[in-house]
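A.B. asks: These are the residues of each chain, in order.
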Amino acid sequence: MSLFLFVCRRTLGLVLLLLVLSSLVFFFARSLPGDVAALYIGGNAKPEQIERARIELGLDKPLYIQYLRYMEKLIHGDLGISLRTHRPVLKDLIEKIPMSLELVILALFFATLFGVFTGVIATWYQNAWPDTVIKWITSACVSIPIFFLALILQILFFNILGWLPLQGRIDTFLEFSNPIQQITGFSLIDTLITGNVTVFFNVARHMVLPVFALMVASFGMIARLTRSSLIDVMQQDYILSARALGISERTVFFYYGLRNALSPVLTIIGLSVALILLATFYVEMIFNWPGIGYYALAAILSLDYTALMGVALMIGTVYVVANTLMDIVRRMVDPRIK
Amino acid sequence: MEKEAFDILSATVLKEHRKIKWFKLSLFFRKKSAVMALAILIAGIIMAVLGSAIAPYPDQGLGEVNISERLCPPSAAYWFGTDTYGRDILSRVICGARVSIFGGFFIVICAAFIGVPLGLWAGYNEGFSGGLILRIVELFLSFPSTLIAMGISLVVGAGSITALVALIIPWWPWYTRLVMGEVFSIKRMLYVEAAQMLGYGKFYILWKHILPNILTPVIVVILLDLGPAIIAIGLLSFLGLGTQSPNADWGLMVWEGASNILDQWWIAIVPGAAMFIMVIAFNLFGDALKEILEPDRP
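Protein chains in written order, with this note's numbering: chain A, 25 to 362; chain B, 4 to 301.
Careful, some of the hints might be misleading.
Unchecked claim - A few chain B residues that don't get close to chain A, going by computed Cβ distances all over 12 angstroms:
#1 T15
#2 S132
#3 W210
#4 V224
#5 A235
#6 K293
What the hints assert, rightly or not - A partial selection of chain B residues facing chain A, derived with a Cβ cut-off under 7 angstroms:
#7 S145
#8 T149
#9 I151
#10 M278
#11 I283
In short, the hints are calculated from the structure, not lab data.
Nothing here was measured: the structure is a model prediction, and the numbers come from that model.
For glycine and all other residues, C-beta sits at the position ideal for the given N, C-alpha and C.
Model the full assembly from the supplied sequences, consistent with the hints where possible.
C.D. replies: Below, the structure is given as structure tokens:
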């Protein structure tokens with residue numbers, strides 16, 4: 025199968041999966057406990073008001089008409105109105121996504137970079153002391169519950185050492201003296217473009233702990249997988265023949281070994297996207313970071329079903345798209361996969 | 004004469020086979036990390052079995068409020084301090100061990116009991132039923148498992164049993180996929196074809212010839228999944244989607260202590276550390292067994 029055909033097939037599968045995802049989300053949300061119209065109108069509402077809200081939200085129609093209306097709105101980018109904030113969910117999401125994306129992208133980047141690097145070091149010194157040390161560290165990394173890690177980081181770096189801020193995105197007084205101009209929504213990029221250097225460093229300092237907490241589990245996974253995949257590749261016959269040809273060990277290792285070992289690592293990077301996105305629920309709550317995770321948590325606690333649907337759709341979409349992309353990249357990098 | 008020789012031979016083979024088993028076991032006990040992990044696991048399981056019987060303040064472990072002693076730092080009377088309701092943290096950690104540790108076992112074992120037979124079936128029969136199972140598995144695996152579990156918990160209503168069931172539902176497809184791959188790779192082996200030729204039934208072949216040969220990777224994956232299962236339970240109960248207060252649960256306790264983290268750190272850190280220690284013990288144990296049972300698999 026040619027690459028083009030493969031991409032076409034995966035894209036078609038992607039569209040189908042997104043359709044299933046949106047339908048699942050709809051039926052999940054419809055089976056949530058609680059009267060949606062009553063939740064929408066708030067406490068102490070008269071029965072007539074609730075009835076009017078029910079008609080306004082289209083809840084009086086049969087389920088399949090509700091479903092069709094929901095799908096129609098979805099295609100037009102209308103995710104409904106949040107029961108909690110009474111604003112369009114899409115607007116809320118667009119406002120929050122860049123703040124979380126900033127953390128997620130940085131965490132994913134560092135997790136991959138350090139993960140692959142650490143895995144390579146562990147293999148290069150296989151069964152020597154660096155390997156053992158790395159094994160212990162990565163075992164701890166994949167075993168630590170994310171909320172526990174975040175709290176430990178707060179105690180260590182704020183309470184004991186006092187090096188980094190406890191929580192939030194920016195110091196409160198800076199928010200008034202040097203406000204961030206919204207251009208892209210990514211605070212780091214916005215402050216750099218506008219030359220707002222003080223705020224840039226302030227935001228960066230606030231970002232260190234959340235990004236670290238987010239990357240730890242993925243880092244451990246990637247490092248372990250890189251090590252085991254590299255060890256497996258280094259036992260292959262073509263490595264033996266490369267060595268027999270007198271190619272230097274370094275070239276064999278990095279050119280013939282590492283390149284072939286990275287293909288499974290790409291898959292785990294796709295999975296890491298979901299892991300990190302879910303971890304933002306906890307990290308953003310603990311570090312009081314006003315992103316998607318915080319929004320989702322507030323929605324869970326107040327049973328804000330439209331917001332929940334929006335978040336579930338978004339995370340599901342990111343997960344499905346990331347996995348498809350990683351499959352395509354893997355296919356391009358590694359011609360052995362058919 | 005020939006039979007005698009055969010008996011001697013088979014006895015020797017059996018003896019050697021047993022020796023290999025003992026050798027593997029001795030390999031395990033030669034690993035310091037594995038023995039340490041095993042010791043922690045046994046301690047944790049004993050803690051979970053006995054529960055409130057060994058807790059210093061069993062009633063507080065089960066939720067009794069003791070408002071006069073609230074927010075006490077660790078002391079001789081309360082080894083790990085008390086929480087906002089004056090309950091002894093140590094007792095609550097001991098009582099909460101049951102949900103986490105047994106819950107972890109419950110999730111992976113139930114998931115294996117659903118996932119493995121379906122995987123065997125789908126791997127062996129490539130027709131309609133196998134294809135259907137494959138599609139369902141792929142559908143489950145294309146969405147984040149924890150998100151599915153959260154959705155189910157939200158719909159059904161939070162509780163410790165609901166959380167466990169909600170975690171099993173997205174968990175079994177991983178085993179089905181694993182088993183399916185294993186069955187694919189061995190079902191064209193000569194011994195399977197020989198059994199088919201001899202006219203044995205599908206179920207007999209699956210049970211007698213295929214299952215024993217794929218059991219090792221399945222057991223290894225189950226062992227390696229115990230740690231992640233405990234973390235997943237904690238993730239749900241931290242959000243209030245698992246065990247409900249006043250019952251004790253490690254994830255829930257961390258949530259209860261998170262707001263007091265700077266002044267009364269012990270409320271959140273002690274249950275969090277208990278969870279971390281148990282998970283790392285399960286992971287080290289699984290890793291060690293994997294290295295011994297399947298040294299060649301990356």
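A.B. asks: It remains to establish, for every hint, whether it holds in the given structure.
C.D. replies: To see whether the hints hold, each was checked on the structure:
1. At roughly 32 angstroms from the closest C-beta of chain A, the C-beta of T15/B stays outside 12 angstroms, upholding its exclusion from the interface.
2. No Cβ of chain A approaches the Cβ of S132/B within 12 angstroms, the least distance being about 20 angstroms, so the stated non-interface status holds.
3. The non-interface label for W210/B is consistent with chain A: the shortest C-beta to C-beta separation is roughly 32 angstroms, beyond 12 angstroms.
4. With a closest Cβ-Cβ approach of about 14 angstroms to chain A, V224/B is found to remain outside the 12 angstroms limit, as its non-interface label requires.
5. Some Cβ of chain A comes within 12 angstroms of the Cβ of A235/B; the nearest lies about 10 angstroms off, and the non-interface call is violated.
6. Not every C-beta of chain A lies more than 12 angstroms from that of K293/B, the closest at about 10 angstroms, which undercuts listing it as non-interface.
7. Checking S145/B against chain A by beta carbon gives a least distance of about 5 angstroms; that is within 7 angstroms, so the hint holds.
8. Checking T149/B against chain A: minimum C-beta separation of about 5 angstroms stays under 7 angstroms; hint holds.
9. With 7 angstroms as the threshold, the beta carbon of I151/B stays out of range of chain A, its nearest partner Cβ sitting at about 9 angstroms, so the hint is violated.
10. Because the closest C-beta pair between M278/B and chain A is about 5 angstroms apart, less than 7 angstroms, the hint holds.
11. For I283/B, the interface hint holds, the least distance from its beta-carbon to any beta-carbon of chain A being 4 angstroms, beneath 7 angstroms.
Violated hints, listed in ascending order, are 5, 6, 9; each of the other numbered hints is respected by the structure.
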